[in-house]
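Asker: The primary structure of each chain is shown beneath.
Protein chains: 2
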Amino acid sequence: MATMLAVIAVDLPLQPGPLDALLRRAVDRSFHEITVDGDTSTNDTVLLLSGGDGEPLQQVPEPVALAVQHVAERLARMIVEDGEGMSRVMELRIRGGADEAHAREVARAVAGSSLVKTALAGGDPNWGRILAAAATVDQELDPQRLRLTLGGIAVFADGLPLETDQAALDRAFSAPAVKVELDLGLGDGEARMLTSDLTKRYVEINSEYTT
Amino acid sequence: MATMLAVIAVDLPLQPGPLDALLRRAVDRSFHEITVDGDTSTNDTVLLLSGGDGEPLQQVPEPVALAVQHVAERLARMIVEDGEGMSRVMELRIRGGADEAHAREVARAVAGSSLVKTALAGGDPNWGRILAAAATVDQELDPQRLRLTLGGIAVFADGLPLETDQAALDRAFSAPAVKVELDLGLGDGEARMLTSDLTKRYVEINSEYTT
Numbered sequence: 000m001a002t003m004l005a006v007i008a009v010d011l012p013l014q015p016g017p018l019d020a021l022l023r024r025a026v027d028r029s030f031h032e033i034t035v036d037g038d039t040s041t042n043d044t045v046l047l048l049s050g051g052d053g054e055p056l057q058q059v060p061e062p063v064a065l066a067v068q069h070v071a072e073r074l075a076r077m078i079v080e081d082g083e084g085m086s087r088v089m090e091l092r093i094r095g096g097a098d099e100a101h102a103r104e105v106a107r108a109v110a111g112s113s114l115v116k117t118a119l120a121g122g123d124p125n126w127g128r129i130l131a132a133a134a135t136v137d138q139e140l141d142p143q144r145l146r147l148t149l150g151g152i153a154v155f156a157d158g159l160p161l162e163t164d165q166a167a168l169d170r171a172f173s174a175p176a177v178k179v180e181l182d183l184g185l186g187d188g189e190a191r192m193l194t195s196d197l198t199k200r201y202v203e204i205n206s207e208y209t210t
Numbered sequence: 000m001a002t003m004l005a006v007i008a009v010d011l012p013l014q015p016g017p018l019d020a021l022l023r024r025a026v027d028r029s030f031h032e033i034t035v036d037g038d039t040s041t042n043d044t045v046l047l048l049s050g051g052d053g054e055p056l057q058q059v060p061e062p063v064a065l066a067v068q069h070v071a072e073r074l075a076r077m078i079v080e081d082g083e084g085m086s087r088v089m090e091l092r093i094r095g096g097a098d099e100a101h102a103r104e105v106a107r108a109v110a111g112s113s114l115v116k117t118a119l120a121g122g123d124p125n126w127g128r129i130l131a132a133a134a135t136v137d138q139e140l141d142p143q144r145l146r147l148t149l150g151g152i153a154v155f156a157d158g159l160p161l162e163t164d165q166a167a168l169d170r171a172f173s174a175p176a177v178k179v180e181l182d183l184g185l186g187d188g189e190a191r192m193l194t195s196d197l198t199k200r201y202v203e204i205n206s207e208y209t210t
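Quick mapping for you: the protein sequence lines, in order, are chains D and W.
Those letters in the first sequence? Residues 0 to 210, by numbering that gives the first Met the number 0.
Those letters in the second sequence? Residues 0 to 210, by numbering that gives the first Met the number 0.
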């Protein structure tokens, strides 16, 4: 999560149990998949309210579950897009992790790396920083198995950087939203993480106000 | 560690075993107690060389152990003081951790927080950010037990911010080296961490070169 208070309301009476499960699942796949600067706040809160006429339901209708998920993802993305001083977002996807926890840990490391985030700010498709950040959490990663794609363009595979159209790559990495996909080649673990870049404006905003 | 190659040489023949132990101890109390931006490099290396006339010693003389420790600390500090775009360092000490690992984890979180590091850049004695960063690794921290001192001035104790001389505090937090001491009030765990601030110049340097 990042610093925020979020409220989602469902116009349908639901039992507390299924409501709680619904919220946890939705938060796990949205608010827990974003990071701005890695810092969190004591007041980070997501509330899911439900109410309406009739007996509270024990079962959450599928369209309601999908709608809550959609709204949670939308709100979470808005937080990143409103990140302090941000100029673009990175949509990071890790595949091929040993398991989901492993993939998520790598995703957090890449999305949290100041070097990756400043490269993103500069529109610099610096694949080395991305691989180095991934390796900070797992030194056993095998370069031969890694496959990295930036903005749909494969840049690293079989242990070597690939020949690419540099102009196209620069363009892709300067877009408002940059897709970064890293396959670790180990297992079925997958994770997503949405993050903003680290800009001079971020530093300015956070170094110049006293609280 | 941060990105670097360090070589320490001892003009005295020592057996590989004690040499290895000596280096590990020294690195643990120097290079492993610094962070610039949290990123590490695949070529981070510290070498300890030993040579000279005579039979290699099995025992490391105490003055040699102290000298190696001193040199390691000195070199490690130089890395932070040479951090990209840095304007001041924070000498962080965590006391009262549940154990040493716990204290070290808290130290890493505080020293690695972008909000703490931008506050440091701004010379802003923002104690709230320091406590919030500590709490990211241990949500069970009891505010009643915490005691925070910035540049020798106590700012938080018994669950409350303390009355301070704001001008003196601002001065202390704007010095080239700022001492930050946080007592968690739990046990005997202690840790040190030396870090640089996060400045606009850091972002400039790291977003504007392509590798």
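By construction, these hints were calculated from the structure, which means they are not laboratory data.
Be careful, since some hints might not be right.
Copies of one chain are not kept apart here, so a pair can be met inside one copy or by any two copies together.
[As the list claims (entries may be wrong)] Capping the alpha-carbon separation at 20 Å, the derived lysine to aspartate or glutamate pairs in EDC-like fashion look like this:
#1 Lys178 with Asp123
#2 Lys199 with Asp38
#3 Lys178 with Glu189
#4 Lys199 with Asp141
#5 Lys199 with Glu83
Asker: Each of the hints needs a verdict: does it hold here or not?
Answerer: Here's how the hints hold up against the structure:
1. Lys178 with Asp123: within (13 Å within a copy, 36 Å between copies)
2. Lys199 with Asp38: This pair counts as both: shortest intra-copy Cα distance 18 Å, inter-copy 19 Å.
3. Lys178 with Glu189: within (15 Å within a copy, 41 Å between copies)
4. Lys199 with Asp141: neither (34 Å within a copy, 35 Å between copies)
5. Lys199 with Glu83: Answer is both; intra-copy 10 Å and inter-copy 14 Å each pass.
Checked against the numbered hints above, the structure breaks only hint 4 and satisfies the rest.
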